[in-house]
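Visitor: Note that the protein sequences, when read in sequence, are chains A and D. Using the working numbering, the letters of the first sequence map in sequence onto residues 9 to 120. Using the working numbering, the letters of the second sequence map in sequence onto residues 9 to 124.
Among the clues, some could well be false.
[Said to hold, decoys possible] Some chain A residues judged to face chain D by a derived CB distance under 8 Å, without partners named:
#1 H49
#2 Y56
#3 G66
#4 I68
#5 Q109
[Said to hold, decoys possible] Below are the DSS-like pairs computed for lysine-lysine, each with C-alpha atoms no more than 27 Å apart in a straight line:
#6 D/K119 to D/K77
#7 D/K57 to D/K32
#8 A/K26 to A/K73
#9 D/K57 to D/K119
#10 D/K57 to A/K65
#11 D/K32 to A/K65
Because the hints were derived from the structure by calculation, they are not lab data. Here a beta-carbon is modelled for each residue, glycine too, at the ideal position from N, C-alpha and C.
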Amino acid sequence: EAAVTQSPRSKVAVTGGKVTLSCHQTNNHDYMYWYRQDTGHGLRLIHYSYVADSTEKGDIPDGYKASRPSQENFSLILELASLSQTAVYFCASSLWGYAEQFFGPGTRLTVL
Amino acid sequence: AQSVTQPDARVTVSEGASLQLRCKYSYFGTPYLFWYVQYPRQGLQLLLKYYPGDPVVQGVNGFEAEFSKSNSSFHLRKASVHWSDWAVYFCAVSIENQGGSAKLIFGEGTKLTVSS
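Start from the sequences and build out the full structure, keeping to the hints where you can.
Guide: The following block contains the structure:
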């Protein structure tokens, strides 16, 4: 059974609209992460969290907000979606900061 | 600045041949290193990990990697490639972040094609 799940798996959004991507993990991990992957490139960290009700900025946080209401759930929010945010978004979790991360299947977001 | 470089964007190997995918990292601290594989339209799966200790680490499906501090490298190897290894491979380093946490820095990936 998949330990990190994401919803939706794909989404088409309009420019200026609000988008919420959800992530749920059953690994009992404290750390959760949001990355974006642009075609043909590696992953870049947007936001992360190591405890419920607290989030931290990653390397490319501009234009994104995050929410961690519980240990299991971590959301990524695009308040005003832009064309440049078209990408695949991955959620991941880890037991501790330096441990291996377990990834979800990804959400393909297209902003038109 | 901390970074991971995978110098080969694309590699083609015949089925049954040996494989080496290169990875160089730049990080002043003690590196924790990982290799992940990504199959088409899927998430990343861990192949193997290096925590400070034995420089040669074994992973799944016959993969292994060797850490070299002097060369700042963490190359991935496999003795005999199978067609199912056709995928994109990412090298990553875990680096210290604020608040005692850590974050992964990824390379750009190497796309492996297996020819028959």
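Visitor: Run the structure past the numbered hints and jot down the numbers of the failing ones, going up.
Guide: Hint check: 4 fails alone, others pass.
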